[in-house]
Amino acid sequence: MAATATRATTDEPGERGILSAFDRRRSGVRMGLGVVHVVLFTGLVVAGLGPVLWLAKAAVTPTQDTLSEPFALFPNGLDLANLTAAWVEVEVGRYFLNTLLVAAGCWAVSLLVAATGGYLLSVLRPRYTRLIDGAILATLFIPAVVLLVPLYLTVVRPAIGPSLLNNYLAVWLPAAANAFNVLLVKRFFDNLPREVFEAARTDGAGPFRLFWSIVLPMSRPILAVVSVFAIVASLKDYLWPSLVLPAAEIQPLGVRLPAIASQTELDVFLAALAIATLVPIVLFLLFQRVFLRSAGLGGAVKG
Amino acid sequence: MTALHEATAPAAVPAERRPSASGARRAPERGPVAGVRRWVRGGGLSTLAFAIPLLIVFGIFSWSPIVQAMVMSFQKTNLITSQFVGFDNFAHVLADPLLGRAVLNTLYFAVLALVLGFPLPILLAVLMSEVRRGRGLYSALAYLPVVIPPVVAVLLWKFFFSASETGVFNTVLGWVGIPAQPWIQSAASAMPSLVLEATWAAAGGSIIIYLAALLGVPGELYDAAEVDGATIWRKIWHVTLPQLRGVIFIMLILQIIATAQIFLEPFLFTGGGPNNATVTVLLLIYRYAFQNSLGGDYGEATALSLMLAIVLAGLSFLYFKATERWSS
Numbered sequence: 080m081a082a083t084a085t086r087a088t089t090d091e092p093g094e095r096g097i098l099s100a101f102d103r104r105r106s107g108v109r110m111g112l113g114v115v116h117v118v119l120f121t122g123l124v125v126a127g128l129g130p131v132l133w134l135a136k137a138a139v140t141p142t143q144d145t146l147s148e149p150f151a152l153f154p155n156g157l158d159l160a161n162l163t164a165a166w167v168e169v170e171v172g173r174y175f176l177n178t179l180l181v182a183a184g185c186w187a188v189s190l191l192v193a194a195t196g197g198y199l200l201s202v203l204r205p206r207y208t209r210l211i212d213g214a215i216l217a218t219l220f221i222p223a224v225v226l227l228v229p230l231y232l233t234v235v236r237p238a239i240g241p242s243l244l245n246n247y248l249a250v251w252l253p254a255a256a257n258a259f260n261v262l263l264v265k266r267f268f269d270n271l272p273r274e275v276f277e278a279a280r281t282d283g284a285g286p287f288r289l290f291w292s293i294v295l296p297m298s299r300p301i302l303a304v305v306s307v308f309a310i311v312a313s314l315k316d317y318l319w320p321s322l323v324l325p326a327a328e329i330q331p332l333g334v335r336l337p338a339i340a341s342q343t344e345l346d347v348f349l350a351a352l353a354i355a356t357l358v359p360i361v362l363f364l365l366f367q368r369v370f371l372r373s374a375g376l377g378g379a380v381k382g
Numbered sequence: 054m055t056a057l058h059e060a061t062a063p064a065a066v067p068a069e070r071r072p073s074a075s076g077a078r079r080a081p082e083r084g085p086v087a088g089v090r091r092w093v094r095g096g097g098l099s100t101l102a103f104a105i106p107l108l109i110v111f112g113i114f115s116w117s118p119i120v121q122a123m124v125m126s127f128q129k130t131n132l133i134t135s136q137f138v139g140f141d142n143f144a145h146v147l148a149d150p151l152l153g154r155a156v157l158n159t160l161y162f163a164v165l166a167l168v169l170g171f172p173l174p175i176l177l178a179v180l181m182s183e184v185r186r187g188r189g190l191y192s193a194l195a196y197l198p199v200v201i202p203p204v205v206a207v208l209l210w211k212f213f214f215s216a217s218e219t220g221v222f223n224t225v226l227g228w229v230g231i232p233a234q235p236w237i238q239s240a241a242s243a244m245p246s247l248v249l250e251a252t253w254a255a256a257g258g259s260i261i262i263y264l265a266a267l268l269g270v271p272g273e274l275y276d277a278a279e280v281d282g283a284t285i286w287r288k289i290w291h292v293t294l295p296q297l298r299g300v301i302f303i304m305l306i307l308q309i310i311a312t313a314q315i316f317l318e319p320f321l322f323t324g325g326g327p328n329n330a331t332v333t334v335l336l337l338i339y340r341y342a343f344q345n346s347l348g349g350d351y352g353e354a355t356a357l358s359l360m361l362a363i364v365l366a367g368l369s370f371l372y373f374k375a376t377e378r379w380s381s
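Read top to bottom, the protein sequences are chains X and E.
As numbered in our numbering, residues 80 to 382 make up the first sequence, in order.
As numbered in our numbering, residues 54 to 381 make up the second sequence, in order.
Since the hints were derived computationally from the structure, they do not count as laboratory data.
Not one of these hints is a red herring.
Residues from chain E that keep clear of chain X, each with C-beta distances beyond 10 Å, as calculated: (1) 91; (2) 169; (3) 231.
Partner residues aside, some chain X positions facing chain E, computed with beta carbon under 7 Å: (4) 96; (5) 98; (6) 147; (7) 225; (8) 252; (9) 317; (10) 355; (11) 367.
Ideal Cβ positions, reconstructed from N, Cα and C, are used throughout, including at glycine.
Just chain X, with the same shape it has in the complex (with noise of 0.2 Å):
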């Protein structure tokens, strides 16, 4: 499925989709095809950029003439001070800092566990490797509903050592126990050669050599993967940091700006959003590839 979501989104011609190469030298067919680009072209760009470009507007709009005129291109000028002003005095940088200090646990922690235990699983196959297998699989049965309030009490009188209440490591290992990266792990380590594991083996290579030098190095792809679920996750994810970081100087800014929007002045308000959306929007076009292929296996082998 990677190759074909890879392909999905270049504009290489791949293979024939529905149209033959006679019916688009049909001329209702072109037509319609140049229609269809109108139509997708300007719904994709209304619908997608769309809600991006008026926010980056309203960031430095005054507040009145958002309001008043939400379409008018500054009627009455920039205001550049907005978003000064949300960096400075609504602290956005504090918990922009906060938002990455999140995401970075969560990737290494998930990135942790899920090549451990892919390897474990595939690789080093220990006798009870049916037996995680099934306990692994099993949760993926689970909605997360049924774990919201035993998970958090797991976190409020943890059953060894202090709460972890206002801790990171309570949204960072929680998001590190997700079946799906585990899986999706280890099935990529199944379809590597076994004899160049072999061959290291027989020139010497422990376990934790094999894993270090050969395994993860030719693993890089299914990593990239991973790494995106886990730091998109994180980004998304609302609720359960809302309920175990209740402390407001430490919380990630998507918690955050709710708490903000009533206290704060419209126009201020909307250059915070567009500073929190600028960090995915980044990402997303420095890696759109990986993104887009992770996407695409998001539905296609999930499970």
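Keeping the supplied structure of chain X fixed, place chain E upon it in accordance with the hints.
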């Protein structure tokens, strides 16, 4: 899919295959020390090192809470003590007059989301896969709303939904002569407004998945259909849609599972209002546990989430069977 096939008979590993017994069974020497030594020499320690992250994270944050959920739904629990109360939690939840409302609202959301949001990505993906030129640009544009953090999207749309004459959406409606709408301010239009935002936010992801599936349709099938004289419409009806059947079914179940747990939109847009028109099951669970002035009623909250989960687990199972069948 091999990995998943192997695991379809989960958790039924007999006790004698567990690692603790392994050293002793093979060892000609007797005694626990020799067994441990043998286990270490066989790479047991390094295997354990690789197992630890997985076992800790899943043990504490997945397996144990699942078991706890089953226990807690039969207990009256606060942060200090727990007391067994049988089916009281379930009885209380089922007697809550808001529950019926929440279930109906959730169903309403799910159905509206299916009608509005389900066919659209299929149609767009088919069109996008046929135009060829610009496909990369179109996928990126379609995926952009998925990239925006949901909280930002909801807060932005909350402003778009402003009921005033000069609200963003009302201005657009004004251009085509439609009077201003109350959007999320009225009980009648609140839920459809939420669905509109949710559809916008999710469509891009589905489009990318359908695009990938469309490109996986073998070209020979179309060639064969053309030999039989099929028109474009007949090719779509008899080749494309049957080939997409599996993905469509999977996406259908995934969407139902997701909409049944809808929380963020009603929580941030309306808080369940106006007049309880947008209270959903998950919002109710949240209220039981975390917005209760008498302290969290964790038992009732888990009882309700378990009931929802049983319904969803059936769907998950169907989904799993479907992925297994169509991806092998």
